[in-house]
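With chain S's structure known, arrange chain P on it following the hints.
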Amino acid sequence: MADASIPRMGPIRRLKGDLYLAYRALIAHPLKRLFSTDVRSGKQRFLDNYAPEGLVPMSAEDRRILQDAARCIHCGLCDAYDLALAVISRTTYDGASLLPIAYSRATPDLPRARPALIALREEHLARSEAVCPTRVPLRSIARYLHRKMDEVIRQQQRSAAPSIKAPVA
Amino acid sequence: MAGSIAALRAKAKGAQVILSRRAFGATALSSGAVDVAPDPAAPPGDLKSQLVSPELAAREIARTRPNHPYAVLVDKLDRLKEALSFAAAHLPDLLCPPLVRNALLPTPLGTVKPAGMAQPAQAGADLASLPQSIAVVQLSVNPSFDAQLVARGLERSASLLGRKLSAAVVESHFFRNIEDALRGCYELAELLEQPGAIDEFARDLRTRLPEGVGALLLPPIMGRHGSSLAAELSNRLGGLPCWEILSDASSVPGIRLQEGLNSALTRAGIPVIESDVTCSKPGSGVFTLGSGESIEPRAVVLATGKFIGGGIVRTQRFFEPLLDLPLFAGSTRAEDQYIGDLLAENVQGKHQAFRVGVRIDSSLRPLGASGGPFDPRLFAAGSVISGYDPAADKTGLGVAIFTGYLAGEAAASLVLLAR
Numbered sequence: 000m001a002d003a004s005i006p007r008m009g010p011i012r013r014l015k016g017d018l019y020l021a022y023r024a025l026i027a028h029p030l031k032r033l034f035s036t037d038v039r040s041g042k043q044r045f046l047d048n049y050a051p052e053g054l055v056p057m058s059a060e061d062r063r064i065l066q067d068a069a070r071c072i073h074c075g076l077c078d079a080y081d082l083a084l085a086v087i088s089r090t091t092y093d094g095a096s097l098l099p100i101a102y103s104r105a106t107p108d109l110p111r112a113r114p115a116l117i118a119l120r121e122e123h124l125a126r127s128e129a130v131c132p133t134r135v136p137l138r139s140i141a142r143y144l145h146r147k148m149d150e151v152i153r154q155q156q157r158s159a160a161p162s163i164k165a166p167v168a
Numbered sequence: 000m001a002g003s004i005a006a007l008r009a010k011a012k013g014a015q016v017i018l019s020r021r022a023f024g025a026t027a028l029s030s031g032a033v034d035v036a037p038d039p040a041a042p043p044g045d046l047k048s049q050l051v052s053p054e055l056a057a058r059e060i061a062r063t064r065p066n067h068p069y070a071v072l073v074d075k076l077d078r079l080k081e082a083l084s085f086a087a088a089h090l091p092d093l094l095c096p097p098l099v100r101n102a103l104l105p106t107p108l109g110t111v112k113p114a115g116m117a118q119p120a121q122a123g124a125d126l127a128s129l130p131q132s133i134a135v136v137q138l139s140v141n142p143s144f145d146a147q148l149v150a151r152g153l154e155r156s157a158s159l160l161g162r163k164l165s166a167a168v169v170e171s172h173f174f175r176n177i178e179d180a181l182r183g184c185y186e187l188a189e190l191l192e193q194p195g196a197i198d199e200f201a202r203d204l205r206t207r208l209p210e211g212v213g214a215l216l217l218p219p220i221m222g223r224h225g226s227s228l229a230a231e232l233s234n235r236l237g238g239l240p241c242w243e244i245l246s247d248a249s250s251v252p253g254i255r256l257q258e259g260l261n262s263a264l265t266r267a268g269i270p271v272i273e274s275d276v277t278c279s280k281p282g283s284g285v286f287t288l289g290s291g292e293s294i295e296p297r298a299v300v301l302a303t304g305k306f307i308g309g310g311i312v313r314t315q316r317f318f319e320p321l322l323d324l325p326l327f328a329g330s331t332r333a334e335d336q337y338i339g340d341l342l343a344e345n346v347q348g349k350h351q352a353f354r355v356g357v358r359i360d361s362s363l364r365p366l367g368a369s370g371g372p373f374d375p376r377l378f379a380a381g382s383v384i385s386g387y388d389p390a391a392d393k394t395g396l397g398v399a400i401f402t403g404y405l406a407g408e409a410a411a412s413l414v415l416l417a418r
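Order-wise, the sequence lines are chains S and P.
Under numbering that gives the first Met the number 0, the final residue of the first sequence carries the number 168; numbering is consecutive throughout.
Under numbering that gives the first Met the number 0, the final residue of the second sequence carries the number 418; numbering is consecutive throughout.
Since the hints were made in silico from the structure, they are not lab data.
Don't be surprised by glycine CBs; every beta carbon is placed ideally from N, CA and C.
Some hints here could point you the wrong way.
[Said to hold, decoys possible] Each pair of labels, with its calculated beta carbon distance range:
1) P:VAL346 x S:ASN48: 42 to 48 Å
2) S:MET57 x P:ALA40: 50 to 56 Å
3) S:ASP37 x P:ASP323: 54 to 60 Å
4) P:ALA167 x S:SER58: 54 to 60 Å
5) P:ILE17 x S:ALA59: 34 to 40 Å
6) S:SER58 x P:GLY370: 45 to 51 Å
[As the list claims (entries may be wrong)] Output of the computed footprint for chain P on chain S, the stretches with three or more beta carbons under 8 Å from beta carbons of chain P:
7) 72-81
8) 84-93
9) 129-141
Okay, chain S solo, but in the shape it has when bound (with noise of 0.2 Å):
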């Protein structure tokens, strides 16, 4: 049923609207795409304008990475087994349940998790993997994390490399 609120779009600007579709698609971009010298495919053009921002794509295996982290519930029991407190400074690193609760949330703050990801060994997790109630994968999680720091600071710097220019003078 259509919703009273949202007025009704008359015949003429529908067919103005679909005409300008149908411009965009026929004639601007094969217009565009054969006089642009950028030889990147639109999802590469996608990919790298997300890339400075540290948003990085996302395979089946990391969303399932992903879902495996969502289950935990927050209880702290891991930080119980944690090996790496030993070792590592507070200020750097406080506990494995960091790993599904706040590393594992957005891959734009992974370069700030640099230090503690570095300093964090799968052996530390073990122990901390096993009491967990709900089996959250913390040795995987630690893997993805990796993989996707470094996808992440490859991706900055390879975007942050064109404007390391001189300045125009």
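Using the frame of chain S, we list chain P on its own:
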């Protein structure tokens, strides 16, 4: 808790036992005390009514809540104390014997909670027996514990109980490094176990204690392993009674309880296998461990917990993942019920969703779809059983111990009979 008690009881009866668990359950997240039964008829705020025998309160729950495990097992309720004593005997440094009446133990939220059994360092903090003047310790760098909240809450609760109580706050500067402010409760508890730490903590407190204080209440971080360090602190403070308040999650006393159970299982010679268990053909009695090994036990106690332990799962619908047992909310099937119909409108309401579980008969055998026992070799214990909310009903660990004890015994009897 339920699974460990069942295993210990079955072993004590002479059965050969293997305990298989996916991971730690909700016991490690508990307050560390055992809530057996509050008075269900007590009006909110009437703390005097809670000072009853847990057994009497359990009988009252059985009378007024027909789906509660205490009601289903009402004929066996005279063995409740026996079950609690059995648990206390297996956790000698960690649990006091069952209390004659519920103790009102302080929580970090400034409330008190009726408990039928507690850790030795917690039991003395019973609001009804605390001296008139107490002090609550605030760690200067621990933002997760608010001693003011506890002190004012205790004074208010004491007035509801009809007694006078004056609670001062003592700020300890024992933890003073900038890193200490970022440490979690488990780490702070471990730091207190370092050689000389408790002496230094006592020295720091001694200089700050107000005159005339009759007891000291401590944050629940008094030692990560074994029993609490509260007694040691008491010795260092010239015999001043020192008690630990209950914990919320993350819980150091809860971890102590869980590790105490692990030690009890080791002492009893019960192998613990940490892996997922699957059953490809429910009813066959054959289970596959995470290693791929198949086992066919003569009797099984299902003590898989509820939503935290993974015994009951809800992803769009409720289901029991191991044997696909029928689930009940009250007396009706729960699997396909709309979740909104099973939740109350306010937090303190009766949320049937958190009471969903398998239904048992009076022999603790889960019922199948036909209404009869699903498998005569299968027994259930703990929060996988329907009819109670282990987190909110204040009967959580009490039911776990009681049903674990009876289920372990029943499983062992079946095995020994077959021999």
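Fill in: Broken hints, by number
Per hint list: zero violations.
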